[in-house]
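Visitor: These are the residues of each chain, in order.
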Amino acid sequence: MPEQTDRLSVREFFSGVYVVLSRELEAYFDAPIAYIYASVFLVLSCSTFMNAFFLNGVLEMAPFFELLPYLLIPLIPAMTMRSWAEERAQHTFELLMTLPLRSGQIVLGKYLASLAFYFIVLLGTLPIVVMLLWLGSPDLGLIFASYFGAVMLGGFFLAFGLFASGLTQDQIVAFVLATLFGFVFVLSGHDKVVEILDGLAPTWQLGTFFYESLSIVPHYTAFTQGLIDVSAVLYFLLMSAFFIWMNDLSLKRSKF
Amino acid sequence: MIKVQSVSKWYGTVKAVEDISFQLSPNEIIGFVGPNGAGKSTMLKMLATYLLPSEGTILVTDLNVVDHPLSVRRKIGYLSGDTPLYQAMRADKFLTFCGKARGLAGAELKKNLEWVIEICGLSPHLYKRVSQCSTGFRQRIGLASALIHNPPILLLDEPTHGFDPMQVLAFRELLQSLKDNRVILFSSHIIQEVSALSDRVIIINNGKLLGDGRLPDLAKQTGQPENDLEAIFTHLVRQSEVVNA
Chain R
1 MPEQTDRLSV REFFSGVYVV LSRELEAYFD APIAYIYASV FLVLSCSTFM
51 NAFFLNGVLE MAPFFELLPY LLIPLIPAMT MRSWAEERAQ HTFELLMTLP
101 LRSGQIVLGK YLASLAFYFI VLLGTLPIVV MLLWLGSPDL GLIFASYFGA
151 VMLGGFFLAF GLFASGLTQD QIVAFVLATL FGFVFVLSGH DKVVEILDGL
201 APTWQLGTFF YESLSIVPHY TAFTQGLIDV SAVLYFLLMS AFFIWMNDLS
251 LKRSKF
Chain X
257 MIKVQSVSKW YGTVKAVEDI SFQLSPNEII GFVGPNGAGK STMLKMLATY
307 LLPSEGTILV TDLNVVDHPL SVRRKIGYLS GDTPLYQAMR ADKFLTFCGK
357 ARGLAGAELK KNLEWVIEIC GLSPHLYKRV SQCSTGFRQR IGLASALIHN
407 PPILLLDEPT HGFDPMQVLA FRELLQSLKD NRVILFSSHI IQEVSALSDR
457 VIIINNGKLL GDGRLPDLAK QTGQPENDLE AIFTHLVRQS EVVNA
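The listed protein sequences correspond, in order, to chains R and X.
Under our numbering, the letters of the first sequence match residues 1 to 256, in that order.
Under our numbering, the letters of the second sequence match residues 257 to 501, in that order.
Chain R on its own, in the form it takes in the complex (with noise of 0.2 Å):
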């Protein structure tokens, strides 16, 4: 470590964030809360799928992915609630804030823990992907498409979690903040809201204008069709490094 300078090397950042990554990560499994989240994921998930494959029988993981971003809208919220808040409400903020290290890197590491939880979590989906390719030959571009599509979903999620939690020492506050932006990001983007939202006001065509720029499904469903699209890996990238930046922003204004 260098005696006299703030300034980071690369790897010194780096291996500032894999120490907060580390230590998050094994939290997550500390408490019980991982576990029922990822059982009620997983029942929810497989669940609804299972119940689409049957009565479709088509060898296509469409119905899981289809149903992922309103899955999403409570279960990250759920996840990420504790983030921020539980730090703020036990005092270890300020034992965060008061070790050598970049807002951002803790920013980031918490951020990547989750995100590595959330995959962790899609793993357990796997068995269908198995399943499919027991029955017959799925078409593996498109599931693995589709899967590359809802890290990058669950990746935006986690992104505006973690900062709803980060605005509050309440958890439930961040719970609802956080599903609140679930809902408006992944509502836009429905047919009947865009509907409304354009009849509501025809010349300004909010609801177009709303589900070309904010929402996710236009973007989500490129990837659940089989493609990679990079306007479609930008848009989660940019809206997930927004929403990190919102969140070291928020943590910097509460030294003042």
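These are calculated hints, taken from the structure and not from any lab test.
This one's a predicted model, so the numbers in the text were calculated from it and none came from an experiment.
Wrong hints could be hidden among the right ones.
Stated by the list, open to error - DSS-like, lysine-lysine: derived pairs with alpha carbons at most 27 Å apart: (1) X:259 x R:252; (2) X:356 x R:252; (3) X:271 x X:435; (4) X:464 x X:356; (5) X:384 x R:252; (6) X:356 x X:384; (7) R:252 x X:435; (8) X:271 x X:259.
To be verified - Below, a sample of chain X positions facing chain R; criterion: calculated Cβ distance under 8 Å: (9) 304; (10) 305; (11) 324; (12) 325; (13) 326; (14) 327; (15) 329; (16) 341; (17) 357; (18) 359.
Ideal Cβ placement from N, Cα and C applies to all residues, glycine included.
With chain R fixed as given, assemble chain X onto it according to the hints.
Guide: The following block gives chain X in isolation, referenced to the frame of chain R:
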């Protein structure tokens, strides 16, 4: 080693610390005493870089806390008054985390861990979760986390909170053993504790500095008995309240 120059801190419209200046040098244990809400914790939080001063300058080893917070934090061991610990973590894992976050690794981390475990007497409950430990033991874990990188500056906010009388005595011995080449600043509202431990006392009330010096000097200034910090403290606080009125 620490220079505090005309520092004030506002919380909205409330002035928590007002125009405070002092300097701290190594080989001293400095007691920071004042009633609850006097501004002790706020001052310590600013020294630890958790809060930024609204006015004035704080230099730690000639580094401004606003411009060089990371460098300052590397030199400081800070135990907040709330004893912030991750309740679900095991004590040993918590200390390892604090060590790694402070850039320790390998043999150095192992050596420092063994050192803090020994001096803070953590062996009996080292592998317990923090939530399963007593208040006094948690306080010792907090102290160990502040010492893990063997810092030249130790800032302790109400460090004996939750200690039984024997633990208080052990804590006094520990601080005395640590004071060589180190600045130790601890806050307390228990006058007897400050009197028993400190080489020098800083007294504040309502965010203002009322007195700063060794007990004999403060006694001379106030005309109070030499070893009676309680009388000195009461005299200074009453005097300040008369001035404020």
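Visitor: All hints are to be evaluated individually against the structure, with a verdict given for each.
Guide: Tested hints:
Under the criterion of a C-alpha separation no larger than 27 Å, the hint pairing residue 259 of chain X with residue 252 of chain R is consistent with the structure, at around 24 Å. Restraint check: the Cα-Cα separation between residue 356 of chain X and residue 252 of chain R comes to about 23 Å, which is no more than 27 Å; the hinted pair holds. With a C-alpha separation of about 32 Å, the suggested pair residue 271 of chain X and residue 435 of chain X falls outside the 27 Å cut-off, and the hint is violated. At most 27 Å may separate the alpha-carbon atoms for a hinted pair to count; residue 464 of chain X and residue 356 of chain X exceed this at roughly 38 Å.
As the CA atoms of residue 384 of chain X and residue 252 of chain R are separated by approximately 34 Å, the hinted pair breaks the 27 Å bound. As the CA atoms of residue 356 of chain X and residue 384 of chain X are separated by approximately 20 Å, the hinted pair is consistent with the 27 Å bound. For the hint pairing residue 252 of chain R with residue 435 of chain X, the CA-to-CA distance comes to about 33 Å; that exceeds 27 Å, so the pair is violated. A distance of roughly 21 Å separates the Cα atoms of residue 271 of chain X and residue 259 of chain X; the hinted pair therefore holds under the 27 Å criterion.
The beta carbon of residue 304 of chain X comes within 5 Å of a beta carbon in chain R, closer than 8 Å, and the hint placing it at the interface holds. Taken as an interface hint, residue 305 of chain X checks out: its beta carbon lies about 6 Å from the nearest beta carbon of chain R, inside 8 Å. Because the beta carbon of residue 324 of chain X sits about 5 Å from the nearest beta carbon in chain R, less than 8 Å, this interface hint is met. Given hint, residue 325 of chain X at the interface with chain R, holds; its Cβ is 7 Å from that chain's nearest Cβ, closer than 8 Å.
Using the Cβ-Cβ criterion of 8 Å, the hint placing residue 326 of chain X at the interface with chain R is satisfied: the shortest such distance is roughly 4 Å. The closest approach between the C-beta of residue 327 of chain X and any C-beta of chain R is roughly 6 Å, which is under the 8 Å cut-off, so the hint is satisfied. About 4 Å separates the beta-carbon of residue 329 of chain X from the nearest beta-carbon of chain R, less than 8 Å, and the hint is met. Because the closest C-beta pair between residue 341 of chain X and chain R is about 7 Å apart, less than 8 Å, the hint holds.
The interface hint given for residue 357 of chain X holds, since its Cβ lies 5 Å from the closest Cβ of chain R, which is under the 8 Å cut-off. Of the supplied interface hints, the one on residue 359 of chain X holds, with its beta-carbon coming within about 4 Å of a beta-carbon of chain R, less than 8 Å.
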